[in-house]
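Q: Position one of the sequence shown corresponds to residue 65 (the working numbering), numbered consecutively onward.
Since the hints were derived computationally from the structure, they do not count as laboratory data.
Here a beta-carbon is modelled for each residue, glycine too, at the ideal position from N, C-alpha and C.
Some clues are possibly wrong.
Said to hold, decoys possible - The following label-pair restraints were derived from C-beta to C-beta distances:
id, residue 1, residue 2, range
1, GLU145, VAL114, 12 to 20 Å
2, VAL84, GLN205, 30 to 38 Å
3, SER89, ARG142, 40 to 48 Å
4, GLN205, GLU145, 31 to 39 Å
5, LEU208, ALA87, 46 to 54 Å
6, GLY120, ALA87, 38 to 46 Å
Said to hold, decoys possible - Straight-line C-alpha distance at most 25 Å; calculated PhoX-like pairs for lysine-lysine:
id, residue 1, residue 2
7, LYS138, LYS102
8, LYS191, LYS127
9, LYS176, LYS127
10, LYS138, LYS176
11, LYS191, LYS138
12, LYS191, LYS176
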Amino acid sequence: MGWIGEQIDSIKSIQFRQLVTQAISLGMIVTSALIIWKALMCVTGSESPVVVVLSGSMEPGFKRGDILFLHMSKDPIRAGEIVVFNVDFTSADGMFLVAQGREIPIVHRVIKVHERQDTGEVNVLTKGDNNFGDDRLLYAQGQLWLQRHHIMGRAVGVVSPLNQYTLSESQGQGGVKANGGVTENERVRRVDSRQRLKSERERET
Numbered sequence: 065m066g067w068i069g070e071q072i073d074s075i076k077s078i079q080f081r082q083l084v085t086q087a088i089s090l091g092m093i094v095t096s097a098l099i100i101w102k103a104l105m106c107v108t109g110s111e112s113p114v115v116v117v118l119s120g121s122m123e124p125g126f127k128r129g130d131i132l133f134l135h136m137s138k139d140p141i142r143a144g145e146i147v148v149f150n151v152d153f154t155s156a157d158g159m160f161l162v163a164q165g166r167e168i169p170i171v172h173r174v175i176k177v178h179e180r181q182d183t184g185e186v187n188v189l190t191k192g193d194n195n196f197g198d199d200r201l202l203y204a205q206g207q208l209w210l211q212r213h214h215i216m217g218r219a220v221g222v223v224s225p226l227n228q229y230t231l232s233e234s235q236g237q238g239g240v241k242a243n244g245g246v247t248e249n250e251r252v253r254r255v256d257s258r259q260r261l262k263s264e265r266e267r268e269t
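From just these sequences and the hints, can you work out the full model?
A: Structure (structure tokens):
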């Protein structure tokens with residue numbers, strides 16, 4: 065039994081060393097990924113240097129599943145630039161899809177820039193190239209403009225892979241479904257978009 069016991073102990077020791085080696089390797093991979101991500105954040109000036117397009121609002125320029133690379137310099141934002149910003153809800157087919165507890169990055173074009181003479185604060189208005197109207201229905205209630213702190217970055221590059229994995233992940237975690245539906249974690253509220261847009265524009269004037 066002594067020899068058998070020694071062999072069993074030897075096997076256990078080898079298995080333990082393998083587990084330790086695998087754990088160290090996994091830790092190094094995760095640490096390296098975090099370091100690379102933080103480095104990209106510092107270089108690009110964006111809190112999210114890479115985002116995935118989740119809707120078709122910018123077609124044909126950007127399609128669902130495209131990967132965008134962002135950069136946020138200190139240069140003033142100009143009309144015509146494509147920016148990424150966060151909102152708490154998005155719309156589809158005349159309905160508002162509210163994703164509870166999740167921010168949805170929106171990739172749209174700046175169509176108007178407004179600079180306040182008294183404070184120098186710059187406000188921007190955005191719109192999807194494939195959308196009929198501007199994005200005021202996407203902003204928070206009562207919000208007419210985006211400010212600089214709402215913007216995650218400018219789009220400076222794009223890759224167009226078949227990124228169905230990320231889309232399916234968002235479906236399972238309360239995100240927007242690829243087929244325009246909603247997941248169980250979302251609630252849908254219908255609104256009269258024309259009335260709301262009219263009232264918001266009246267408030268602006």
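Q: Take the hints in turn and mark each one as holding or not.
A: Cross-check of the supplied hints:
For GLU145 paired with VAL114, a C-beta distance near 18 Å keeps the hint of 12 to 20 Å intact. Between VAL84 and GLN205 the C-beta distance comes to about 54 Å, which lies outside the given range of 30 to 38 Å. With their beta carbons about 47 Å apart, SER89 and ARG142 fall inside the hinted range of 40 to 48 Å. Hint check: GLN205 to GLU145, Cβ distance near 26 Å, so the stated range 31 to 39 Å is violated.
Checked against the hint of 46 to 54 Å, the pair LEU208 and ALA87 passes, with Cβ atoms roughly 52 Å apart. Range check, GLY120 to ALA87: about 43 Å between beta-carbon atoms, so the 38 to 46 Å window is met. Of the supplied pair hints, the one linking LYS138 and LYS102 holds, its CA atoms being roughly 19 Å apart against a limit of 25 Å. Using a Cα cut-off of 25 Å, the hinted pair LYS191 and LYS127 holds, with the two alpha carbons roughly 15 Å apart.
Among the hinted pairs, LYS176 with LYS127 is consistent with the structure: their alpha-carbon atoms are about 23 Å apart, no more than 25 Å. For the hint linking LYS138 to LYS176, the alpha-carbon distance of about 18 Å falls within 25 Å, and the restraint holds. Taking the CA atoms of LYS191 and LYS138, the gap is near 22 Å; set against the 25 Å cutoff, the hint holds. Taking the CA atoms of LYS191 and LYS176, the gap is near 9 Å; set against the 25 Å cutoff, the hint holds.
Checked against the numbered hints listed earlier, the structure breaks hints 2 and 4; every other hint is satisfied.
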